[in-house]
Amino acid sequence: GVDSSTVLAYMSRILKEPVKAFCIGHPHEAYDERQYARQAAAICGADYLEEVVEPDALALLPELVRHYGEPFGDSSAIPAFYVSRLARRHVKMVLSGDGGDEAFAGYHAYAAILWEHRSPDGNLRKMRHILANQARALGIWPRRSTVADSKYARTAVVEHGERARLWRPEFRPVLEATRAEFEDAFARGPRRELLNRLQYFDIFNYISYDNLPKVDVASMYHGLEVRVPLLDHVFLETAARVPPELKLVSRSGTHPAMPGDRTIGKYLLKRTAERFFPHAFLHRDKRGFEVPIREWFGGPFQSQLRERVLSSNGPLTQYFEPTALTDLIDSSAQSRTDAWKAWLLLVLEEWFSQSQPGNSGASASRRSNTVAVSAPLPAAARRA
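Counted the way my numbering counts, the sequence shown spans residues 89 to 472.
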């Protein structure tokens, strides 16, 4: 990506010998960025190595769940695991590009939330807040009536209404506590520009409880040390002083962006990186650190997924409505979003199985031929 390529460029500028650069790719082109990794490595004169993740990665799921010690459901832990393994074969320490999206506003959700809450009319904002509170008092959950609502809707893999349908009635009150915890965390942020508040939340929550644990566990599994220069406190403090209009701009020149307008996130960071990389390289469509779960679940692993998640004797049906589970698994092969949700459930099922008395080591051998997608993930229980 842009962030790791920028880190590579500065490393190559400082070191007198070629930097070793590592990349994980996929057979599915929509998820594969190896062409850009090769381009960055060539520009920087790096010693480049790559590896392709195949569907049989899922056979590692039991072992990875054990090492994460919780139902960690972020599927990008899969490539994190493999790239760590690849790197450790050659070096003992690496630098990663984590932190650039949070420090310089690289996420698409930032522009969407800024647009939703752009209104200059203070009375309109107050009215929207009052109506939202009244709706909650009636048991209705209005979508995105406050900034916290918007952020919550774009953070949760499973939106609130669907959660209520998935969980059995006796567990639904927990959902209210989960949302309250989220809103409290958002409220603790600084009273500054909205974009800065969104970034602050992600730095102290998303990065701290997802990205960093994901990389730490995946890398230490292989004995690899990872350092994150873009999260250096001096760098973050400097980025926090950058005006919002230099972080996130629209191609039409407005801030915030208008609906349907393409935005340029990490604008200042990309302008800085233009001293190394072509404009088209830096301003390509953003992709996440993803794996083709939908395609994997749509193939031969669909039956195994159904067997594990929908088993009447399995742990999930104790907590979730069987009909809702079935609907979700049915759509996991067609919808990328539903495939992510199914992945969370699969991780949760594996964690439950390992948590049963006497099952600490049985799950790995019992499920060694299960599905294929290797890696750790972010707290599935909270997201599912």
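Be aware that a few hints might be false.
[To be verified] Straight-line distance between alpha carbons at most 20 Å, and here's what the computed EDC-like set of lysine to aspartate or glutamate pairs gives:
1) K358 <-> E313
2) K108 <-> E139
3) K358 <-> E121
4) K104 <-> D144
5) K108 <-> E121
6) K180 <-> D120
7) K108 <-> D144
8) K374 <-> E395
9) K358 <-> E395
10) K374 <-> E121
11) K180 <-> E105
12) K180 <-> D373
13) K358 <-> D304
14) K374 <-> E362
15) K108 <-> E325
16) K180 <-> E139
17) K374 <-> D135
18) K180 <-> E117
19) K108 <-> E142
20) K180 <-> D272
21) K374 <-> E117
Simulated from the structure, these hints should not be mistaken for lab results.
Remember, it's a predicted structure, so these values are computed and weren't measured experimentally.
We went through each hint and held it up to the structure:
1. Restraint check for K358 and E313: the C-alpha separation of about 27 Å exceeds 20 Å, so the hint is violated.
2. About 14 Å separates the Cα atoms of K108 and E139, which keeps this hinted pair within 20 Å; it holds.
3. In summary, the hint linking K358 to E121 is supported, as the alpha carbons are separated by about 18 Å, within the 20 Å threshold.
4. This hinted pair does not check out: K104 and D144 have alpha carbons roughly 39 Å apart, beyond 20 Å.
5. The straight-line distance between the Cα atoms of K108 and E121 is roughly 17 Å, inside the 20 Å bound, and the hint therefore holds.
6. Between the alpha carbons of K180 and D120 the distance comes to roughly 26 Å, so the proposed pair goes past 20 Å and is violated.
7. Straight-line distance between C-alpha atoms of K108 and D144 comes to about 27 Å, which puts the hinted pair past the 20 Å bound.
8. Proximity of K374 to E395 is assessed by CA-CA distance (about 35 Å); at most 20 Å being required, the pair is judged violated.
9. The straight-line distance between the Cα atoms of K358 and E395 is roughly 46 Å, outside the 20 Å bound, and the hint therefore fails.
10. Taking the CA atoms of K374 and E121, the gap is about 10 Å. The hint holds against a cut of 20 Å.
11. Under the criterion of a C-alpha separation no larger than 20 Å, the hint pairing K180 with E105 is consistent with the structure, at around 16 Å.
12. Between K180 and D373 the CA atoms are separated by roughly 32 Å; this puts the pair beyond 20 Å, and the hint is violated.
13. Distance check on the hinted pair: K358 and D304 sit about 27 Å apart at the alpha-carbon level, beyond 20 Å; violated.
14. At most 20 Å may separate the alpha-carbon atoms for a hinted pair to count; K374 and E362 meet this at roughly 17 Å.
15. Pair hint K108 plus E325 does not hold up; C-alpha atoms about 29 Å apart against a cutoff of 20 Å.
16. Between the alpha carbons of K180 and E139 the distance comes to roughly 18 Å, so the proposed pair stays at or under 20 Å and holds.
17. With a C-alpha separation of about 25 Å, the suggested pairing of K374 with D135 is violated against the 20 Å cut-off.
18. With a CA separation close to 30 Å, the supplied pair K180 and E117 exceeds the 20 Å bound.
19. As the CA atoms of K108 and E142 are separated by approximately 23 Å, the hinted pair breaks the 20 Å bound.
20. A hinted pair counts as satisfied when its Cα atoms are at most 20 Å apart, and K180 with D272 does not qualify at roughly 39 Å.
21. Taking the CA atoms of K374 and E117, the gap is about 14 Å. The hint holds against a cut of 20 Å.
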